[in-house]
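Undergrad: As they're listed, the protein sequences go chains V and E.
Using numbering that gives the first Met the number 0, the final residue of the first sequence is 334, and nothing's skipped along the way.
Using numbering that gives the first Met the number 0, the final residue of the second sequence is 192, and nothing's skipped along the way.
One or more hints might be untrue.
[Claimed, not checked] List time: in silico DSS-like cross-link candidates among lysine-lysine, alpha-carbon distance up to 25 Å:
{"no.": "1", "chain 1": "E", "residue 1": "Lys65", "chain 2": "V", "residue 2": "Lys309"}
{"no.": "2", "chain 1": "E", "residue 1": "Lys164", "chain 2": "E", "residue 2": "Lys186"}
{"no.": "3", "chain 1": "E", "residue 1": "Lys58", "chain 2": "V", "residue 2": "Lys280"}
{"no.": "4", "chain 1": "E", "residue 1": "Lys186", "chain 2": "V", "residue 2": "Lys309"}
{"no.": "5", "chain 1": "V", "residue 1": "Lys78", "chain 2": "V", "residue 2": "Lys143"}
{"no.": "6", "chain 1": "E", "residue 1": "Lys82", "chain 2": "E", "residue 2": "Lys164"}
{"no.": "7", "chain 1": "E", "residue 1": "Lys82", "chain 2": "E", "residue 2": "Lys121"}
{"no.": "8", "chain 1": "E", "residue 1": "Lys121", "chain 2": "V", "residue 2": "Lys309"}
{"no.": "9", "chain 1": "V", "residue 1": "Lys60", "chain 2": "E", "residue 2": "Lys121"}
Quick caveat, the hints were computed from the structure, so don't treat them as lab data.
Residue strings, one per chain:
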Amino acid sequence: MDVAFIIETIAKIVVILLVFSALAGLGTYFERKVLAFMQRRLGPMHVGPFGLLQVAADGIKLFTKEDIIPQNVVKPIFKIAPVITAATAFMAAAAIPFWPQFTVMGYTVHPIVADINVGILYVLGVMAIGLYGPLLGGMASANKWSLISAARSAAVFISYEVITGLSLLAPLMMVGSLSLIDINNYQAGGITHWIVWSQPVAFILFWIAAFAETGRTPFHLVANDHEIIDGFGTEYSGMRWGLFFIGEYANMFFISFVIAIIFLGGFGDGTIAGAFQLLLKVAFFFFFFLWTRAAWPDVRPDQLMWLCWKVLMPIAVVNLVITGIVILVQLKGGM
Amino acid sequence: MHHEEVFTNRNVSESSAYFYVDIETYPTTGWDKFKQVFKRTFNGELFVGLWVVLREMIKFDIHTLKYPLEKLPIGPRYRAVHKLLRLWESGYERCIGCGLCEKICISDCIRMDTRIDENSRKEVTEYSINLGRCIFCGYCAEVCPELAIVHGGRYENASEQRALKAGEQAEYPGFGAIIPGSDASVKKTPLAY
Chain V
0 MDVAFIIETI
10 AKIVVILLVF
20 SALAGLGTYF
30 ERKVLAFMQR
40 RLGPMHVGPF
50 GLLQVAADGI
60 KLFTKEDIIP
70 QNVVKPIFKI
80 APVITAATAF
90 MAAAAIPFWP
100 QFTVMGYTVH
110 PIVADINVGI
120 LYVLGVMAIG
130 LYGPLLGGMA
140 SANKWSLISA
150 ARSAAVFISY
160 EVITGLSLLA
170 PLMMVGSLSL
180 IDINNYQAGG
190 ITHWIVWSQP
200 VAFILFWIAA
210 FAETGRTPFH
220 LVANDHEIID
230 GFGTEYSGMR
240 WGLFFIGEYA
250 NMFFISFVIA
260 IIFLGGFGDG
270 TIAGAFQLLL
280 KVAFFFFFFL
290 WTRAAWPDVR
300 PDQLMWLCWK
310 VLMPIAVVNL
320 VITGIVILVQ
330 LKGGM
Chain E
0 MHHEEVFTNR
10 NVSESSAYFY
20 VDIETYPTTG
30 WDKFKQVFKR
40 TFNGELFVGL
50 WVVLREMIKF
60 DIHTLKYPLE
70 KLPIGPRYRA
80 VHKLLRLWES
90 GYERCIGCGL
100 CEKICISDCI
110 RMDTRIDENS
120 RKEVTEYSIN
130 LGRCIFCGYC
140 AEVCPELAIV
150 HGGRYENASE
160 QRALKAGEQA
170 EYPGFGAIIP
180 GSDASVKKTP
190 LAY
């Protein structure tokens, strides 16, 4: 393993960490602005031009606030839980290609930390480990609301893992590879080659499940808004709470990348235009997360479970079986 | 300028403006439940909600008032901090010291002392309203025979502490009155910090 590779990888990791930490902060700004505009408000306006420096103000506040460890909590677990959320969110980014490869001064850069051949499996797996953040945080908090919220979010996360997995199997069978770059190259032929046209059901199922995986509004059960507390994060303060937040917003960005790459062609043939198209798609999916928060109410936990196990999972299985049959028929026809 | 408000009693039950929402019977069989779910899933109500909020965002009809910089006009009959009026021509106080406002005040926040001056006229020597006790009911302004006390429009009363020392103004004891010995907790003059 040569030194250049190690340096390049570390540089990529640092860039991804910095960019997406900043984006998570900016994401809160955009969320507040978009929600405000949709509710005929102005949102943050006073810190900096159009309130842009509100992000910096919030960051300074979170960093300098006292780190309170309440009585009776299980201290090591309470302390490590937010780190798990943020760390797994960023670890999942390792297998996501954020940009097509490009050449700088004769040196080809692959803007992906590790192009492993089980890319999407790795991404979903690490995102699933992110469940331990809310779960352990809520269980260690010595607070019954936190505990209930943790149990509920654990149930939601685990249930919707089934949907993400089953709905992704169908496009993966078509592509024949788990690498996100292979999936992207499969759709490199342009808009007609996008998997969303051949797998619309899987696309919608995965999109719905993405809301549950990131805990966004129609399925925002991780934080109990109707109990006027913050769910598993009730006992957290300062930067530990901020880590939960960064993890949540980073997850939103990464899952948007995953949806755009798997179903909407990703960066296409790898030109600069294709790369900017990828960013546009990601921006749309991120905007949609905010949009639904302004428009839709939360569902009850039992409704969410009902939706998962009685509606989405059977549809996913049927979609999988039909896809398999179609692929088999095509193979026979090809022979 | 005369403005007459049209009286509409919105709480009358026989009013034709009220009607029962047509609630469909709850489905009992599995097939009916399935049909209901199917209908609700595909009638596009979710997209109506999405469109409504997006429309408001595009119209950008912002209703925010940046409060300390912009203020809404308040009504002419708004009951905020009292004003003691003076006569237009002479500039004398309109108050004749009858004490009606002090008597009618239901929170005992008005306290006045009077004396007969050398011209055998009643003169107000001390008049105080503890705005911390006042409930802004408006009885004092209502009862005043000389239109001497009215309510003004000054509604921003937030402050950190009292400006006066206890004893500098007369006050009835009771709920809301200045606590004896509370001067110790008064800081310097508000302008000092």
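Undergrad: Each hint: holds or not?
TA: Now the hints, each set against the structure:
1. About 49 Å separates the Cα atoms of E:Lys65 and V:Lys309, which puts this hinted pair outside 25 Å; it is violated.
2. For the suggested pair E:Lys164 and E:Lys186, the alpha carbons sit about 11 Å apart, so the restraint of at most 25 Å is met.
3. Taking the CA atoms of E:Lys58 and V:Lys280, the gap is near 24 Å; set against the 25 Å cutoff, the hint holds.
4. Restraint check for E:Lys186 and V:Lys309: the C-alpha separation of about 67 Å exceeds 25 Å, so the hint is violated.
5. Restraint check for V:Lys78 and V:Lys143: the C-alpha separation of about 18 Å stays at or below 25 Å, so the hint holds.
6. Our distance criterion of 25 Å between C-alpha atoms is met by E:Lys82 and E:Lys164, whose separation comes to about 22 Å.
7. Between E:Lys82 and E:Lys121 the CA atoms are separated by roughly 20 Å; this keeps the pair inside 25 Å, and the hint holds.
8. Between E:Lys121 and V:Lys309, the direct Cα distance comes to roughly 86 Å. Violation of the 25 Å bound is thereby established for this hinted pair.
9. Under the criterion of a C-alpha separation no larger than 25 Å, the hint pairing V:Lys60 with E:Lys121 is inconsistent with the structure, at around 61 Å.
Violation of the numbered hints given earlier is confined to hints 1, 4, 8, 9; the remaining hints are satisfied by the structure.
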